[in-house]
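Participant: Single-letter residue listing:
2 protein chains.
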Amino acid sequence: MKKHNFSAGPSILNHNVIKAAAESVIDINNLGLSLLEISHRSNDFIKIIEEAKSLIKDLLNINEQYEVLFLQGGASLQFYMSALNFAKRNGKAGYIDTGTWSSKAIDESKKVGETLILASSKDQNYTYIPEINEKIDNIDYLHFTSNNTIYGTQFHSFENISKIALANNTKLICDMSSDILSKEFDVNKFDLIYAGAQKNIGPAGTTLVIIRKDGFEKNNKLPTYLNYQTHIEKQSMFNTPPVFPIYVCLLTLRWIKKLGGIKSIEKNNIKKANLIYDEIDRNSLFYGIVKQKDRSNMNVTFQLKNKKHEDTFNKMCHAVGISGIYGHRSIGGYRASIYNALKTESIYVLIDVMQKLEQK
Amino acid sequence: MKKHNFSAGPSILNHNVIKAAAESVIDINNLGLSLLEISHRSNDFIKIIEEAKSLIKDLLNINEQYEVLFLQGGASLQFYMSALNFAKRNGKAGYIDTGTWSSKAIDESKKVGETLILASSKDQNYTYIPEINEKIDNIDYLHFTSNNTIYGTQFHSFENISKIALANNTKLICDMSSDILSKEFDVNKFDLIYAGAQKNIGPAGTTLVIIRKDGFEKNNKLPTYLNYQTHIEKQSMFNTPPVFPIYVCLLTLRWIKKLGGIKSIEKNNIKKANLIYDEIDRNSLFYGIVKQKDRSNMNVTFQLKNKKHEDTFNKMCHAVGISGIYGHRSIGGYRASIYNALKTESIYVLIDVMQKLEQK
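Chains as they are written, first to last, in the working numbering: chain P, 606 to 965; chain Y, 606 to 965.
Just chain P, same shape as in the assembly (with noise of 0.2 Å):
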């Protein structure tokens, strides 16, 4: 049967991407080898990672200014990593704290100096994106998350919040996970951002880094696999990199640049956020646990009204395919996640089962 991925992440992968990456475990480039016995230092190799990086820099219009490096740890590394390259001596941080993984953040900027908590949703567990005050402290740079997977919020625009580091000629460094590459954005205003792949870019096993090359304060005391400077200077190579998922992320950007780069992507995704939200707000049965204005287009969170019907729904949700469509543990009722490679059709499956639900 066919199945309607909503994982939250890892999450679904383009079908072509998949078929690709599997041949390449296979052969690559006609060698007899497999992608996973070659060495990273072959011109094969070499290739992969110079293209990805040369297609995410063209889709998200990147100029010179601004590296792109493919490393690993997740963002979960990069809450530290930011923070120890970008704080200055006795400096301060600044971060919006929209939940879990900015407060993960919050925690490992605290073990590297003062961080300053500038605005929060924690009053209304966090189901809105909170304001920022005009004037900031002086601090090194400001760090938020642009999307968060567990509430649902999504920050739909970062102007405000780019004025706002410009005017206080503050560092920006956004944590972009789970919603990069959706939507269209202008990566000048940002000094660093970060990405686990296992969303719209990947499979798990690699993060994205997109750093200004002279946005940070050099330093070589760091521990050399922490600093950025390190992979800027190895180009991604100072180790030996995760090679299949940066081929798979390849394969991705490939596929995004196909059909059309990210304008035509986002457009879809607004396209197929409007439909099951829509029929969130339209169904007696449901309702929607987040601010209307900062809903986001990537992870829609929802609950039934009344939980006597939960066991219903989810049998009727399975018998048609629809998986990885539960709440995160500490929120529980229900999460769509409809990543870029989530098809419109998968969309009408869920609200024919919803509208099937409250006909019964």
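Derived from the structure by calculation, the hints contain no laboratory data. Predicted model, so just to flag it, every value in this text is computed and none were measured. Please note: incorrect hints may appear among the correct ones.
It does not matter which identical chain is used: a pair holds within one copy or between any two.
Calculated lysine-lysine pairs in the PhoX-like style (CA-CA distance at most 25 Å, straight line) [claimed, not checked]:
no.: 1; residue 1: K608; residue 2: K652
no.: 2; residue 1: K912; residue 2: K768
no.: 3; residue 1: K608; residue 2: K948
no.: 4; residue 1: K818; residue 2: K863
no.: 5; residue 1: K839; residue 2: K872
no.: 6; residue 1: K624; residue 2: K608
no.: 7; residue 1: K607; residue 2: K652
no.: 8; residue 1: K709; residue 2: K839
no.: 9; residue 1: K716; residue 2: K826
no.: 10; residue 1: K662; residue 2: K910
no.: 11; residue 1: K839; residue 2: K715
no.: 12; residue 1: K965; residue 2: K826
no.: 13; residue 1: K716; residue 2: K839
no.: 14; residue 1: K818; residue 2: K776
no.: 15; residue 1: K693; residue 2: K826
no.: 16; residue 1: K961; residue 2: K920
no.: 17; residue 1: K709; residue 2: K965
no.: 18; residue 1: K823; residue 2: K715
no.: 19; residue 1: K776; residue 2: K794
no.: 20; residue 1: K868; residue 2: K898
no.: 21; residue 1: K920; residue 2: K794
no.: 22; residue 1: K693; residue 2: K948
no.: 23; residue 1: K823; residue 2: K716
Starting from the known structure of chain P, arrange chain Y on it as the hints suggest.
Facilitator: Just chain Y now, with coordinates in the frame of chain P:
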């Protein structure tokens, strides 16, 4: 044409492992989903990582005092992480310098605290394994690299070094990236063992860590990702693990188990190494660069006595499908990496080319 893959890493994997890995990219457990697009919290993946850990414990005869982890960042991140976790405040660490990898580990240790070089083979360009004095300074831990992939040296016994660590009441740490799972040894002598997967364990993208749970100072102030305690408590699931690389490790571990375990693998590795070293010593055109008793059973380094034969030898190798045979750029010459998955047949093909070159 069938390839004979002597690559130093990422390196050869068994062909049935490759086949099963490719199948998992299309579909895992008949779910109708690729392994790349399922949640790392799903039962399907939990079973994979648990079986992989359990097979490591089984194959290496590891008891309950140890935890097996699959992390990211390679040995390069472990260089720093091991020092950070094992160096007590104001303590000293002792290192055996056998070139490149241990030199890099030493550099990271210096960023953490005082670092002593207890022995080094630098005086003869790292072509032998140095002796260590029985009486050493009061150090927190003793670190060594069991096999050097670049020079082709290997500790053939851990008896002496573990006896010295015990007599001096110091922890013992080993980077076994290039020879773990290739021979039997007693894990109980060690407090920490780490190994990048991309030699004998699996593809690039994950790092095996075997850690004695009571062997290090717990410290909640450490960066969360860099704290072994984090990964021990979260059972390698603190953040999204590299799902596919771990699955390929599992496939390799199953293959080793089926072959009869490490004892059987070791017997075959010794046979392969003897065949090729015997030919190097017999053949009038070649010589080995490493002191005989310290020659690696994993990375066989050798040179042509007369460089004028280089072109012919390279062409002859290429013609029969030999790949990855060139020495590391820092020392040149040749390096035949003969990891677990390389068949004896490939050794015979290489020997045949060496003999034909001599006959010419």
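Participant: For each hint, tell me whether it holds in the structure or not.
Facilitator: Quick rundown of the hints versus the structure:
For the homomeric pair K608 and K652, the shortest alpha-carbon distance between copies (21 Å) is at most 25 Å, but the shortest distance inside one copy (34 Å) is not. For the identical chains of this complex, K912 and K768 are neighbours neither inside a copy (44 Å) nor across copies (63 Å), given an alpha-carbon limit of 25 Å. With identical chains, the CA atoms of K608 and K948 are at most 25 Å apart within one copy only, with a shortest distance of 11 Å there and 40 Å across copies. When the C-alpha separation of K818 and K863 is checked against a cutoff of 25 Å, the pair qualifies neither within a copy, at 29 Å, nor between copies, at 50 Å.
Within a single copy, K839 and K872 get their C-alpha atoms no closer than 37 Å, and across copies no closer than 39 Å, so neither meets the 25 Å cut-off. Taking the shortest Cα distances, K624 and K608 sit within 25 Å of each other both inside one copy (16 Å) and across copies (24 Å). Taking the shortest alpha-carbon separations for K607 and K652, only the inter-copy value of 24 Å comes in at or below 25 Å, while the best intra-copy value is 34 Å. Taking the shortest alpha-carbon separations for K709 and K839, only the inter-copy value of 15 Å comes in at or below 25 Å, while the best intra-copy value is 29 Å.
In this homomeric assembly, K716 and K826 come within 25 Å of each other (Cα to Cα) both inside a single copy, at 17 Å, and across copies, at 7 Å. When the C-alpha separation of K662 and K910 is checked against a cutoff of 25 Å, the pair qualifies neither within a copy, at 45 Å, nor between copies, at 48 Å. Taking CA atoms no more than 25 Å apart as the test, K839 paired with K715 passes between copies only; the shortest distance there is 22 Å, against 29 Å inside one copy. Taking CA atoms no more than 25 Å apart as the test, K965 paired with K826 passes in neither setting, with 66 Å inside one copy and 55 Å between copies.
Only between protomers do K716 and K839 lie at most 25 Å apart by alpha-carbon distance; the minimum there is 20 Å, versus 27 Å within a single protomer. Proximity of K818 to K776 under the C-alpha cut-off of 25 Å is restricted to the intra-copy arrangement: shortest distance 12 Å within a copy versus 40 Å between copies. When the C-alpha separation of K693 and K826 is checked against a cutoff of 25 Å, the pair qualifies both within a copy, at 13 Å, and between copies, at 19 Å. For the homomeric pair K961 and K920, the shortest alpha-carbon distance inside one copy (12 Å) is at most 25 Å, but the shortest distance between copies (69 Å) is not.
Taking identical chains as interchangeable, the C-alpha atoms of K709 and K965 are never at most 25 Å apart, the minima being 43 Å within one chain and 66 Å between chains. Both within a single protomer and between protomers do K823 and K715 lie at most 25 Å apart by alpha-carbon distance, with minima of 21 Å and 19 Å respectively. Taking identical chains as interchangeable, the C-alpha atoms of K776 and K794 lie at most 25 Å apart only when both belong to the same chain, with a minimum of 9 Å there against 48 Å between chains. For the homomeric pair K868 and K898, the shortest alpha-carbon distance inside one copy (21 Å) is at most 25 Å, but the shortest distance between copies (63 Å) is not.
For the identical chains of this complex, K920 and K794 are neighbours neither inside a copy (46 Å) nor across copies (53 Å), given an alpha-carbon limit of 25 Å. In this homomeric assembly, K693 and K948 never come within 25 Å of each other (Cα to Cα): the closest approach is 45 Å inside a single copy and 54 Å across copies. With identical chains, the CA atoms of K823 and K716 are at most 25 Å apart both within one copy (19 Å) and between copies (16 Å).
When each numbered hint is compared with the structure, violations occur for hints 2, 4, 5, 10, 12, 17, 21 and 22.
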